[in-house]
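2 protein chains.
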Amino acid sequence: MNKINLEQKLGLFSDYWSPKIVGELNGQLIKLAKFKGEFVRHKHDNEDEFFYVIKGVLKIELPDKEVTINEGEFIIIPRGIEHKPVAEEEVHVLLFEPETTLNTGDTTNELTKEIPERI
Amino acid sequence: MNKINLEQKLGLFSDYWSPKIVGELNGQLIKLAKFKGEFVRHKHDNEDEFFYVIKGVLKIELPDKEVTINEGEFIIIPRGIEHKPVAEEEVHVLLFEPETTLNTGDTTNELTKEIPERI
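Chain order of the listed sequences is A and B. Okay, so the first sequence: first residue is 12 according to my numbering, each after it adds one. Okay, so the second sequence: first residue is 12 according to my numbering, each after it adds one.
Looking at chain A on its own, in the form it has when it is part of the complex (with noise of 0.2 angstroms):
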């Protein structure tokens, strides 16, 4: 039972929209990414997904309208919803998901990561 440092943790990876696993509970994973670029739009039919922003400036593009998420502030993405998140430059973000949450959702293509990393 140790404390975790994110600043620590995000400085041991440098590839993007590939979310590492940096903490357990409750049959929820705590994960650290790094995002740049455009992501691929997609949902998930049976979780929620959580962004917080711990650095830059993350985008969201939803059915309706696009959200700008600053640092120090999160969203809640509904199941079912369909979002694709872009970042102008690169962003840090914490991800709290069910271990059942695969990173592109309903998509399946070259960024989806089947089975994300522990560091």
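Do not take every clue at face value.
Repeated chains share a single entry, so a pair holds when one copy, or any two copies, can fit it.
When the alpha-carbon atoms are kept at most 25 angstroms apart in a straight line, the in silico DSS-like pairs for lysine-lysine are as follows [what the hints assert, rightly or not]: (1) 20 <-> 76; (2) 20 <-> 66; (3) 70 <-> 47; (4) 14 <-> 66.
Because the hints were derived from the structure by calculation, they are not lab data.
Dock chain B against the given chain A, drawing on the hints supplied.
Just chain B now, with coordinates in the frame of chain A:
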């Protein structure tokens, strides 16, 4: 589906040891709290607990050691482990826990918040 700004939400309350609900997903709650002073030693029989320090320094007394959690750090306390949070100065924390989690766990006293407020 709107973004949540932690600083804005933290500005809405000033009471200590009284977590406020700011988000909900997958049967879990996102809460914000301010701590100052010593909390009651307690444990949660069925829930793991997550403390992320947004501002300040949080000490947690565990059965065999004390952990100091600084800004940008988190700790997960596994279910069944006794812990006593201590904040020498005001601390702002983000909590991520199941809807069933009671702040004082297996201990009930004047600090117990049966129904956390939503802000």
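Hints, one by one, checked against the model:
1. 20 <-> 76: between (33 angstroms within a copy, 23 angstroms between copies)
2. 20 <-> 66: Result: close both inside a copy and across copies, 14 angstroms intra and 19 angstroms inter.
3. 70 <-> 47: Within one copy, since 11 angstroms is at most 25 angstroms while 35 angstroms is not.
4. 14 <-> 66: Cα proximity of residue 14 and residue 66: in one copy and across copies (20 angstroms, 15 angstroms).
The structure is consistent with each of the numbered hints, conforming to all of them.
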